[in-house]
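Visitor: So the chains spell out like this:
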Amino acid sequence: MLETIWFILWGVLWAVYFMLDGFDLGLGTLLPFIAKDDRDRRVIYNAMGPFWDGNEVWLITAGGATFAAFPVAYAVMFNSLYSALLLLLFALIVRGVSFEFRNKVDSPGWRTLWDFCLFIGSFLPALLLGVAFANIFEGLPIDGNGNFQGGFFTLLNPYGIAGGVLFVVAFVIHGANWLAAKSEGEIHERAASVAKKMWPVFLVVTVLFLAYTYVATDLFDNYFKYPYLWMIPLLAVAGMLISRGSMGSGNWWRAWMGSSLAILGITFFGVAGLYPRLLPSSIDPAFSVTAFNGSSSQLTLKIMLGVALIMVPIVIAYQTWVYIFLRGKITDEELEYEEAY
Amino acid sequence: MDVVLLSRLQFAVASLFHFLFVPLTLGLSVLTAIMETRYVQTGDEDYKRMAKFWGKLFLINFALGVVTGITLEFQFGTNWSSYSKYVGDIFGSLLAIEATLAFYLESTFIGVWLFTWNKVSPRVHAMFIWLVALASNISALWILIANGWMQHPVGYVLRNGRAELADFVAVITNKFAIYEFLHTVSGAYILAGFFVMGVSAYHLLRRNEVTFFTKSFRIGVTFALIFALFEVFNGHLHGAEVAETQPAKLAAMESHWETRNGAPMYLFVVPDPENERNSVEILPIPGMLSLLAHHSPSAEVKGLKEFPKDERPPVTMTFLSFRIMVALGFLFALLTFWAWLKRNTIVEHPGLLRLLLFSIPLPYLAIEAGWIVAEVGRQPWLVYGLMKTSQGVSTLAPSQVMISLAAFVFFYSALGLIDFYLLAKYARKGPVAH
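As you go down the protein sequences, you meet chains B and F in turn.
Just so we're aligned: the first sequence equals residues 17 to 357 in this note's numbering.
Just so we're aligned: the second sequence equals residues -8 to 425 in this note's numbering.
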């Protein structure tokens, strides 16, 4: 029972991470394509300014919770994905310092350097996270001792790359929604147009990915066994529809919430299909790391559940407050603010 | 080189680099909070400018501290997966608690603090920086409880081929961890105090913004003095705890080879680990080592020869790091006391100011040396007495770790240089005019 609760929580932490940092990563990926001048770029930085750091902590918690609740999964997953993971971390480091460094030296070359770093540091994580999760969905070549029988390029199989593309597209549309909600004038128009143009792409990529998932993985087995699970992909579809509808009526916050729901739904679609496996083995199903053979002791799961049930709602409460409090558009006045990025 | 050594080097690079930024975060967040609180209390605009100026330096430093922390957490899985499986039940949960309890708070409110100078009342704004300061220090507490458990494992039971949690309260009240926390955090506060004193000294020597920097200096020196004195005291307690729980580490710290009663402390020693002795031992203080380690001048202190050769830490490195740390610790107490006496007229003491300016790197050196004592001195154990470092490593090809280690070194050096350049640039620039 505790194992199942923790499996769900594990999924929640990753899903919320993708939902929150997703728009930062998407917006960073969009930066070179959507910003025409320095003012546009500053709008983008400041649109993410007070949020990105708090968003990134969901990744740390997802990692920490995996370590705490499923140490075997943590060990096997991170050992297996060694090169991809370190690449991801380096990219996130570059992304993080770009915010702080960019406006600290008054030279166009310097700013261009960090704009490029923000782009790479956003695009690579989006891609790598998608590749990594798609690989988990289809199973990693893990042997009976939990050792990974592959290398970095094992991960770059067609289904893995499809997952990467899906994440990049989802995050880009999510980021465009955020920018449209947070900006005004020309940059707002451009963000709105990107979101609208990307929507059919998002739809097609998602449908293709689901079809490919049916062929390449056994994630759908759980759905045929427990039909009520279909609710989850339906939520994703609902999120996408809400997003498109709101784009049409110019309600960009609702469009962003729609894409949030879509990302939560897509992540949970995979998580529910995986259950109870955290890391399916493609060599032999018996070698898979599951919530039951890879978990911590009952005492640890109990204590950690107590911590999570108290702290996660508190975190959600104050982060929600921050989102509401700082929801205003990035105006000229905001850009003239002394501490702005 | 084998995977164990490469992974150890990589972890050393990642953690020592991370710890170039963490101490200033811990201390300067508190100092900035104190300055902003003074602003709320007095309405004196200088204190607001101080909070903004030191806060900006805090943020430049904070950026690298945050981003390099993630690689540490994830490296347990990537490079030390056997360790992670063995201790995840306890160690993993401590890291997860740190994230939920502290890291969200810190990372969320640092952004809020930065962006709301003109959106909320001064009182509420000061509360934001206190939340950041509180959170970063709580973060340190949980990380050190985790490290304290590696140093002196408690509250566990060996079951299912791993260490499982048996007594959570014992883990979080581990005396070793509490001493380690007090010692580390005091060191961080000293470092931040010296940073504020040193940067203020730079401007005071140029007679730039004298009121502003004298005020900053006074806050910095008082803070540093309190914790420099406390550090001598808690450092002793921590050392005595090490003597109880990790006698091999203590023996290496002192390069003490033969078990004996009434062990003296030599002021000058040159270790000769090849021949299991010291080639030079002069200026003994009789019974001092026994007294410090076990609170009695005649107590028995175990020597390195008491332990099998493969269970002794590297002696020279542990010994030298310990000596450097202790010598610097006493120097900080003296220097801050002297500076504190002159705090109100400090601008008239250029010699002292120059000394303080050039002292900025010293607490960094002391803190890094302290971590070398803690971690190298624990070898060959990864978890003291339970798991050797060589047993904790992942299954990786040496080439994988070699590439990542090279990437770490290259990448971190570049970022470190940029960050220190920016820190120096903005420290020199001084505060924004009225």
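It is worth saying that the hints were derived from the structure and are not from the lab.
Note that the structure is a prediction, hence the values are computed from the model and not measured.
A portion of the hints provided could be inaccurate.
To be verified - Keeping only pairs whose Cα atoms sit at most 27 Å apart, straight-line, the calculated DSS-like set for lysine-lysine is:
| # | chain 1 | residue 1 | chain 2 | residue 2 |
| --- | --- | --- | --- | --- |
| 1 | B | K345 | B | K52 |
| 2 | F | K43 | F | K333 |
| 3 | F | K300 | F | K379 |
| 4 | F | K416 | F | K206 |
| 5 | F | K379 | F | K166 |
| 6 | F | K416 | B | K120 |
| 7 | B | K345 | B | K241 |
| 8 | F | K206 | F | K43 |
| 9 | F | K43 | F | K416 |
| 10 | F | K379 | F | K206 |
| 11 | B | K120 | F | K43 |
| 12 | B | K120 | B | K345 |
| 13 | F | K43 | B | K345 |
| 14 | F | K206 | B | K345 |
| 15 | F | K43 | F | K110 |
| 16 | F | K166 | B | K318 |
| 17 | F | K166 | B | K120 |
| 18 | F | K416 | F | K296 |
| 19 | F | K206 | F | K420 |
| 20 | B | K120 | F | K420 |
| 21 | F | K293 | F | K416 |
Visitor: Now, for every hint given, state plainly whether the structure supports it.
Guide: Verification of the hints:
no.: 1; hint: K345(B) to K52(B); verdict: holds, 19 Å
no.: 2; hint: K43(F) to K333(F); verdict: holds, 26 Å
no.: 3; hint: K300(F) to K379(F); verdict: holds, 14 Å
no.: 4; hint: K416(F) to K206(F); verdict: holds, 21 Å
no.: 5; hint: K379(F) to K166(F); verdict: holds, 22 Å
no.: 6; hint: K416(F) to K120(B); verdict: holds, 9 Å
no.: 7; hint: K345(B) to K241(B); verdict: violated, 47 Å
no.: 8; hint: K206(F) to K43(F); verdict: holds, 14 Å
no.: 9; hint: K43(F) to K416(F); verdict: holds, 16 Å
no.: 10; hint: K379(F) to K206(F); verdict: violated, 50 Å
no.: 11; hint: K120(B) to K43(F); verdict: holds, 15 Å
no.: 12; hint: K120(B) to K345(B); verdict: holds, 24 Å
no.: 13; hint: K43(F) to K345(B); verdict: holds, 24 Å
no.: 14; hint: K206(F) to K345(B); verdict: violated, 38 Å
no.: 15; hint: K43(F) to K110(F); verdict: holds, 15 Å
no.: 16; hint: K166(F) to K318(B); verdict: holds, 24 Å
no.: 17; hint: K166(F) to K120(B); verdict: violated, 43 Å
no.: 18; hint: K416(F) to K296(F); verdict: violated, 51 Å
no.: 19; hint: K206(F) to K420(F); verdict: holds, 17 Å
no.: 20; hint: K120(B) to K420(F); verdict: holds, 12 Å
no.: 21; hint: K293(F) to K416(F); verdict: violated, 50 Å
Figure legend: structure checked against the earlier numbered hints; hints not met, in rising order: 7, 10, 14, 17, 18 and 21.
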